[in-house]
Amino acid sequence: MRILKLLLLVVVLGTGTATTIMYSGIVNVAADEPHSDFVYWLLEETRESSIKKAAQNIKVPDLEDPEMLLMGGTDYEFMCSSCHLKPGQSESDMSIGLYPAPPNLTLSNEEHVGHEHENDEQASRKSFWVIKHGIKASAMPAWGKTHDDERIWAMVAFIKRLPTLTQEQYQILTAVE
Amino acid sequence: MKTVLIKTLTKKVTKIALVLIPALTLSMTATAHDPSMHVKKAEKADCSKMDHSKMDMKDPVAMAMMKKCMKQAEKSKGQMDHSKMDKNMDHSTMKKIDDKISENEQHNH
Numbered sequence: 000m001r002i003l004k005l006l007l008l009v010v011v012l013g014t015g016t017a018t019t020i021m022y023s024g025i026v027n028v029a030a031d032e033p034h035s036d037f038v039y040w041l042l043e044e045t046r047e048s049s050i051k052k053a054a055q056n057i058k059v060p061d062l063e064d065p066e067m068l069l070m071g072g073t074d075y076e077f078m079c080s081s082c083h084l085k086p087g088q089s090e091s092d093m094s095i096g097l098y099p100a101p102p103n104l105t106l107s108n109e110e111h112v113g114h115e116h117e118n119d120e121q122a123s124r125k126s127f128w129v130i131k132h133g134i135k136a137s138a139m140p141a142w143g144k145t146h147d148d149e150r151i152w153a154m155v156a157f158i159k160r161l162p163t164l165t166q167e168q169y170q171i172l173t174a175v176e
Numbered sequence: 000m001k002t003v004l005i006k007t008l009t010k011k012v013t014k015i016a017l018v019l020i021p022a023l024t025l026s027m028t029a030t031a032h033d034p035s036m037h038v039k040k041a042e043k044a045d046c047s048k049m050d051h052s053k054m055d056m057k058d059p060v061a062m063a064m065m066k067k068c069m070k071q072a073e074k075s076k077g078q079m080d081h082s083k084m085d086k087n088m089d090h091s092t093m094k095k096i097d098d099k100i101s102e103n104e105q106h107n108h
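First to last, the sequence lines map onto chains A and G.
All residue numbers for the first sequence refer to numbering that gives the first Met the number 0, where the first residue is 0 and numbers rise by one.
All residue numbers for the second sequence refer to numbering that gives the first Met the number 0, where the first residue is 0 and numbers rise by one.
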């Protein structure tokens with residue numbers, strides 16, 4: 000009976016504290032005010048684990064088809080480059096203003112600091128899942144609602160080659176026909 | 000009397016500087032982020048910069064670039080639809096006009 004009362008007290012106190020925090024307005028949701036290191040770590044680990052689990056059984060097709068690069072290139076330029084940048088660009092209004100900051104996809108996997116360096120296949124699976132489903136509260140849209148899998152894989156194929164592209168190559172591959 | 004005047008002047012200058020400096024800084028950031036920077040233009044591929052000597056033709060990127068440029072070249076050829084052209088167009092005068100243009104260009108140089 001004592002334990003039950005104690006448990007009830009913990010639940011009531013917990014709910015009360017959460018409700019007070021929620022409605023008091025003390026939580027700063029401004030994107031120009033970063034999370035504390037602990038909250039950032041908590042959110043990032045949760046996100047990475049979720050994507051890893053959700054994407055683990057995705058079958059990666061052949062991404063070396065030149066047609067895929069052409070299809071994915073045009074889509075990347077119009078849908079992704081303003082946040083994820085293009086060769087020769089180090090920042091944009093979106094990359095500066097968004098929080099968490101969108102990853103710079105012109106950098107190779109190895110150049111991304113503070114991230115787990117996965118192999119090509121894992122990276123492709125992850126990219127496909129993220130493009131298709133988006134990420135909650137991060138400004139990453141779920142492109143799968145309006146784009147079929149073939150088009151999303153084409154974007155993955157393009158993103159895979161993006162860190163190796165020069166500005167001239169990028170311009171040709173992403174130009175509208 | 001003089002010191003009072005200098006003090007009031009210094010205060011006024013400080014006030015003006017406090018207003019002007021942030022205002023100027025803000026207006027400069029506003030021009031740096033001009034709305035035209037956000038406009039995406041549908042550009043054609045600039046194939047003139049393609050350096051064939053450095054290209055590995057087995058590389059998917061090189062193959063894709065070649066495809067894009069060939070398609071673009073074919074399209075620009077095909078855009079001149081002769082069937083829709085005026086049949087009364089006098090082709091005999093065209094050569095003369097071309098010659099005149101090149102003559103003028105040579106004179107200008």
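Just so you know, these hints were derived from the structure itself, not from any lab.
Be careful, since some hints might not be right.
[As the list claims (entries may be wrong)] Straight-line alpha carbon distances no greater than 25 Å define the calculated DSS-like cross-link-like pairs of lysine-lysine that follow:
{"#": "1", "chain 1": "A", "residue 1": "85", "chain 2": "G", "residue 2": "76"}
{"#": "2", "chain 1": "G", "residue 1": "57", "chain 2": "G", "residue 2": "40"}
{"#": "3", "chain 1": "A", "residue 1": "85", "chain 2": "G", "residue 2": "43"}
{"#": "4", "chain 1": "A", "residue 1": "85", "chain 2": "G", "residue 2": "14"}
{"#": "5", "chain 1": "A", "residue 1": "85", "chain 2": "G", "residue 2": "11"}
{"#": "6", "chain 1": "G", "residue 1": "53", "chain 2": "A", "residue 2": "85"}
{"#": "7", "chain 1": "G", "residue 1": "10", "chain 2": "A", "residue 2": "85"}
[Claimed, not checked] To spell it out: a stretch of chain G is covered by chain A in this simulated footprint if at least three of its residues, at any positions, have a beta carbon under 8 Å from a beta carbon of chain A; those stretches are:
{"#": "8", "region": "43 to 52"}
{"#": "9", "region": "64 to 72"}
Ideal Cβ positions, reconstructed from N, Cα and C, are used throughout, including at glycine.
* Structure versus earlier hints, numbers of those that do not hold, lowest first -> Hints 1, 2, 4, 5 and 7 contradicted; others consistent.
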